[in-house]
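Since the structure of chain U is already known, use the hints to place chains E, H, R, V and C on it.
6 protein chains.
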Amino acid sequence: MAFEHRVEHVDESMLIIQANLDDMNPEHTSYITDLLFEQGANDVYWIPIIMKKGRPGVMLNVLIEESAAERMEGIIFRETTTLGLRYVRATCHRLGREFYSVDTPWGPIHVKAGFHGGELVQFAPEFKECEQAAKSYGIPLKQVYDDVRSRFLQSRNGKREQ
Amino acid sequence: MAFEHRVEHVDESMLIIQANLDDMNPEHTSYITDLLFEQGANDVYWIPIIMKKGRPGVMLNVLIEESAAERMEGIIFRETTTLGLRYVRATCHRLGREFYSVDTPWGPIHVKAGFHGGELVQFAPEFKECEQAAKSYGIPLKQVYDDVRSRFLQSRNGKREQ
Amino acid sequence: MAFEHRVEHVDESMLIIQANLDDMNPEHTSYITDLLFEQGANDVYWIPIIMKKGRPGVMLNVLIEESAAERMEGIIFRETTTLGLRYVRATCHRLGREFYSVDTPWGPIHVKAGFHGGELVQFAPEFKECEQAAKSYGIPLKQVYDDVRSRFLQSRNGKREQ
Amino acid sequence: MAFEHRVEHVDESMLIIQANLDDMNPEHTSYITDLLFEQGANDVYWIPIIMKKGRPGVMLNVLIEESAAERMEGIIFRETTTLGLRYVRATCHRLGREFYSVDTPWGPIHVKAGFHGGELVQFAPEFKECEQAAKSYGIPLKQVYDDVRSRFLQSRNGKREQ
Amino acid sequence: MAFEHRVEHVDESMLIIQANLDDMNPEHTSYITDLLFEQGANDVYWIPIIMKKGRPGVMLNVLIEESAAERMEGIIFRETTTLGLRYVRATCHRLGREFYSVDTPWGPIHVKAGFHGGELVQFAPEFKECEQAAKSYGIPLKQVYDDVRSRFLQSRNGKREQ
Amino acid sequence: MAFEHRVEHVDESMLIIQANLDDMNPEHTSYITDLLFEQGANDVYWIPIIMKKGRPGVMLNVLIEESAAERMEGIIFRETTTLGLRYVRATCHRLGREFYSVDTPWGPIHVKAGFHGGELVQFAPEFKECEQAAKSYGIPLKQVYDDVRSRFLQSRNGKREQ
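Chains as they are written, first to last, in my numbering: chain U, 1474 to 1635; chain E, 1474 to 1635; chain H, 1474 to 1635; chain R, 1474 to 1635; chain V, 1474 to 1635; chain C, 1474 to 1635.
Isolated chain U (complex conformation) (with noise of 0.2 Å):
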């Protein structure tokens, strides 16, 4: 019932952006974090931090790769008041995925799945499908993730066990 599929691999040429901000306005954080994403950045993540004379600052990471450097730098010091950046060198070691669809109350939902060594080691519900499922229904997100996770991991039983 796979669909899709990517291959585990390890990425040896991976950088991670830093710029510690202590002067800038929060609302803009979730806008820039959607920028990045949409210009290519394989995760953006901000970290509370402690700076200068004590200020509550954010530290903004983003995970690139190394030919996307120069463009993410352009857009780090055009959207956020940083005057430098740092990077530093990242290997990245991402797990091979499969994506299922289970059958449910509210129509079918995807499950995204992890392989390490060939070996499934994770299986997630996609979050955008639960949420409309919830709304739609009006049932709580959490049921439906419950009732998707419990699906996946019977149909996995049932096929060990013919």
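Hints are computed from structural coordinates only; laboratory data are not their basis.
Built from N, CA and C at the ideal position, the CB exists for glycine as well.
Some hints could be false.
Said to hold, decoys possible - Some residues of chain C that are not near chain U, with every Cβ distance over 10 Å (derived):
hint	residue
1	1507
2	1541
3	1569
4	1596
5	1605
6	1609
7	1611
8	1619
9	1629
What the hints assert, rightly or not - Here are the simulated lysine-lysine pairs, BS3-like style, with alpha carbons at most 30 Å apart:
hint	chain 1	residue 1	chain 2	residue 2
10	C	1585	V	1526
11	R	1585	R	1608
12	H	1601	U	1608
13	R	1608	H	1526
14	C	1526	H	1525
As the list claims (entries may be wrong) - Coverage of chain E stretches by chain R, computed from C-beta distances (three or more under 8 Å per stretch; other residues unrestricted):
hint	segment
15	1518-1530
16	1556-1564
17	1593-1599
Same frame as chain U, now just chains E, H, R, V and C:
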């Protein structure tokens, strides 16, 4: 050797004023903290929080006596970016306090002691005096602290043993 | 140029509902925040906390009018994983608010202004309109903000000088 | 299959005791947490805060019944470094609770369920039992959780369908 | 009107020194921050972390030039409580910087501007000068900032329009 | 009186493995921390971060020797919910360490001391032994710490003076 004294007491008419800030330049926090202390706040502290749209904001907390509320609200509205604030009633229990002078190789340094039900439960070297000694004598700050604490303990134990 | 108005006021019958969560999927927080706002919460925010066994949990905070308590509790019990919640009484002081329209190169953008004792103490460009302008015109969001703020200030000062 | 029971109820005489700590060895927090729970605290949690001079402190929070206040204050003054504490009145709303036993390949594991207005809104496998099963059988903890949750859901749905 | 200048550049031989601290008095952090800046650190910041046994520790981060490593390590070992530290290589990209003087009702205030590829992307009023003006004239700090920013923008736009 | 010894050294082949988690039950963190330490991790710590859609996630950090990477990755993929991880190269500088035994009213308690360039720069009472003494004798943990530290200092100073 004590020279200042305050009795243990409970104050039932305290307020905690809180304001959630998601669009303020964090550079301003230290200035606002100092200003509120100068104007009579009993305590000022900031809590990192996550606000609407996942913004990394801060919650300003100001502990004050009820009678200072109006003046403090004026400062908060003028100096922060908030459009509203809230307050919660609180009761404060403060230990009896005495200051002692401890002789050290770097001159006398004060220790603030706290008493609960007449019994010494806290003692702490005065930060500014330790900092001054560390700078003047070029020794680690933590060494000054440790030494003052050790000497205070010995002087207490010495008295008990006599 | 103002077109909407709300008077400064104090509301004494507010509640802060709090629930500590150490076993909830963090993916659900944004959904819960949106749902609580839709259902009439005055504010929703999350505080990172450290719980039993050093678990990195979050505390959900929902500011509501007393009359909404039962409905909000129902949502919190259904959508989060908590087995209990607590509420604390609070008094809210909200500034008078007016909206102004500022002409910019990217069309009119509104500014929300806050008044304390009749005096303007806050003004902030509307986030969504700035975001829209930044996206449509391909300019940095912070540039839109700065420009709107500057134009608003000039128009205020212009009036005062006349 | 339930064997323990507690009714949903509201308790209006709770206190949240708070103490801001900027000079305490963080090593002591876990010891203090355990001690307060042993002495009858309903909940204990720590909030990272930023205090005077930008110090990264922690705020101790202890939720207790009003009648335990004096005993708890004694512990806090003896075990932490605070010179004062404050308390805020709170009302607690606790769900009805029942424990169920679920049969798993690793033996029976309990599930704690929460009821709001008679309706099941929460269920969670007991952490310690899952941890024990994971260690004894050498399987991932998350797999034990998922399996217990799935089995509990199936048993509930099975009953409803009959 | 610029009077100081630094060219945009990339520095490839930077180190981030990190030390996790779970048994240090948080009072010492501001002292250590100041000391490290005085001794030539390029940046110093603290990250709240959760360590062994769920302790709320802090991670000290010091950004330095490789050549300063030994001296900085000495300070960190003497002044913090750590038994070890680690460092990670980093590359820093710093904007070109110029300082401008802006005439305000409270005297001239400097603005630090940042240039990326020759284009102005950042500008920020100098904190200390704004703070001084706010204190001397008894006006809100944010009003000084806003005014300086607005005047700087107008002067830039004025030039462009000529 | 020292009985165990480790020389100051620098280890250049360390890795920091990092995984950002926004959909994991925080209850599992303490279990995962313990497991990673048991399997040979040099350090394990968690950083509160803000992820996509403003989710309050955590970043797992595991400091390991390069040779342990594969085994540690296996544990992280099995026990957390991550679909990928990254690692960054780090160099560790560890102080020389010696353990001393200090006689106290509650029996002997060990002190771990750290040496930089042959000079004592750190000393810390062993947490577990202090905890045990505090529990057995019903005295505050901080009192045990203070006493051990003071006795250790006196014994050092005594030797120097002879």
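Okay, the hints, checked on the actual structure:
no. : hint            : result
1   : 1507            : holds, 20 Å
2   : 1541            : holds, 14 Å
3   : 1569            : holds, 29 Å
4   : 1596            : holds, 27 Å
5   : 1605            : holds, 34 Å
6   : 1609            : holds, 38 Å
7   : 1611            : holds, 37 Å
8   : 1619            : holds, 27 Å
9   : 1629            : holds, 33 Å
10  : 1585/C x 1526/V : holds, 19 Å
11  : 1585/R x 1608/R : holds, 21 Å
12  : 1601/H x 1608/U : holds, 24 Å
13  : 1608/R x 1526/H : holds, 18 Å
14  : 1526/C x 1525/H : holds, 27 Å
15  : 1518-1530       : holds (count 4)
16  : 1556-1564       : holds (count 4)
17  : 1593-1599       : holds (count 3)
The structure is consistent with each of the numbered hints, conforming to all of them.
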